[in-house]
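For the protein sequence lines, the chains are A and B, in the order given.
Residues 1 to 116, numbered by the working numbering, are exactly what the first sequence covers, in order.
Residues 117 to 229, numbered by the working numbering, are exactly what the second sequence covers, in order.
Check each hint, because a few of them may be wrong.
Below are the SDA-like pairs computed for lysine to any residue, each with C-alpha atoms no more than 20 Å apart in a straight line [as the list claims (entries may be wrong)]:
no., chain 1, residue 1, chain 2, residue 2
1, A, Lys18, A, Ser103
2, A, Lys40, B, Leu171
3, A, Lys40, B, Ile202
4, B, Lys186, B, Leu171
5, A, Lys41, B, Leu171
6, A, Lys41, B, Ile218
7, A, Lys22, A, Lys52
8, A, Lys40, B, Thr140
9, B, Lys216, A, Gly98
10, A, Lys36, B, Val160
11, A, Lys40, B, Gly156
12, B, Lys216, A, Glu44
13, B, Lys167, A, Ser103
14, A, Lys36, B, Gly201
15, A, Lys40, B, Val200
16, A, Lys40, B, Thr172
17, A, Lys41, B, Pro124
18, A, Lys36, B, Ile202
19, B, Lys216, A, Asn57
20, A, Lys41, B, Leu221
21, A, Lys36, B, Asp154
22, A, Lys40, B, Ser224
23, A, Lys41, B, Pro155
24, A, Lys41, B, Lys167
In short, the hints are calculated from the structure, not lab data.
Residue strings, one per chain:
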Amino acid sequence: ETGVTQTPRHLVMGMTNKKSLKCEQHLGHNAMYWYKQSAKKPLELMFVYNFKEQTENNSVPSRFSPECPNSSHLFLHLHTLQPEDSALYLCASSQVQGSSYNSPLHFGNGTRLTVT
Amino acid sequence: GQQLNQSPQSMFIQEGEDVSMNCTSSSIFNTWLWYKQDPGEGPVLLIALYKAGELTSNGRLTAQFGITRKDSFLNISASIPSDVGIYFCAGQLNAGNNRKLIWGLGTSLAVNP
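The following block holds chain A by itself, in its conformation from the complex:
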């Protein structure tokens, strides 16, 4: 497999459920990202990991909990979500050199999340 793979592609969950989104990158990159894509809003960066270390958390509510066990895998654990959290959640990866996050982002195809 190549590129960035996200599972599941679609997820419907109730507000009291706990679920996880998974992302795996096969590009040899060392940085991974979670983005939220909602209608009529620009892409929102949620979290960034560099070599398993979280380097960015854009004031994301604690009901979203990321986990990066290694530079190829990224998870987003979800619990007690709200209906307004329904969106497309995109994972991306890139190559970081030193402190430079300049290489292009490679996105997965996203998980379409619906919170009922």
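Add chain B to chain A, keeping to what the hints say.
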């Protein structure tokens, strides 16, 4: 938060027509990026621009980094049905930091065969 103004919001054109879209910002950017998102997929990078005035092509696509560093445009020549999708611009305030990308809202392109 900061936002780019991307226009037009949507376009419906005939196959073979040329397309032009642009992004403007109140801030100076050091990098402009153009991505395309096909239905059901994630965004894919089309063109990256790193210098003011830079004009770069990728097949039928041409993008330019505005001289003022506050705008960029993307042209598609001789459109085909597979050009359908949403085109996003993204600007980077600081070179070397894609954690600080500012995204436009996208231009949705529909092509009538």
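Hints and how they fare:
no.: 1; hint: A/Lys18 to A/Ser103; verdict: 34 Å, violated
no.: 2; hint: A/Lys40 to B/Leu171; verdict: 29 Å, violated
no.: 3; hint: A/Lys40 to B/Ile202; verdict: 12 Å, holds
no.: 4; hint: B/Lys186 to B/Leu171; verdict: 15 Å, holds
no.: 5; hint: A/Lys41 to B/Leu171; verdict: 28 Å, violated
no.: 6; hint: A/Lys41 to B/Ile218; verdict: 12 Å, holds
no.: 7; hint: A/Lys22 to A/Lys52; verdict: 15 Å, holds
no.: 8; hint: A/Lys40 to B/Thr140; verdict: 17 Å, holds
no.: 9; hint: B/Lys216 to A/Gly98; verdict: 16 Å, holds
no.: 10; hint: A/Lys36 to B/Val160; verdict: 16 Å, holds
no.: 11; hint: A/Lys40 to B/Gly156; verdict: 17 Å, holds
no.: 12; hint: B/Lys216 to A/Glu44; verdict: 10 Å, holds
no.: 13; hint: B/Lys167 to A/Ser103; verdict: 16 Å, holds
no.: 14; hint: A/Lys36 to B/Gly201; verdict: 18 Å, holds
no.: 15; hint: A/Lys40 to B/Val200; verdict: 18 Å, holds
no.: 16; hint: A/Lys40 to B/Thr172; verdict: 29 Å, violated
no.: 17; hint: A/Lys41 to B/Pro124; verdict: 15 Å, holds
no.: 18; hint: A/Lys36 to B/Ile202; verdict: 16 Å, holds
no.: 19; hint: B/Lys216 to A/Asn57; verdict: 12 Å, holds
no.: 20; hint: A/Lys41 to B/Leu221; verdict: 6 Å, holds
no.: 21; hint: A/Lys36 to B/Asp154; verdict: 17 Å, holds
no.: 22; hint: A/Lys40 to B/Ser224; verdict: 12 Å, holds
no.: 23; hint: A/Lys41 to B/Pro155; verdict: 17 Å, holds
no.: 24; hint: A/Lys41 to B/Lys167; verdict: 27 Å, violated
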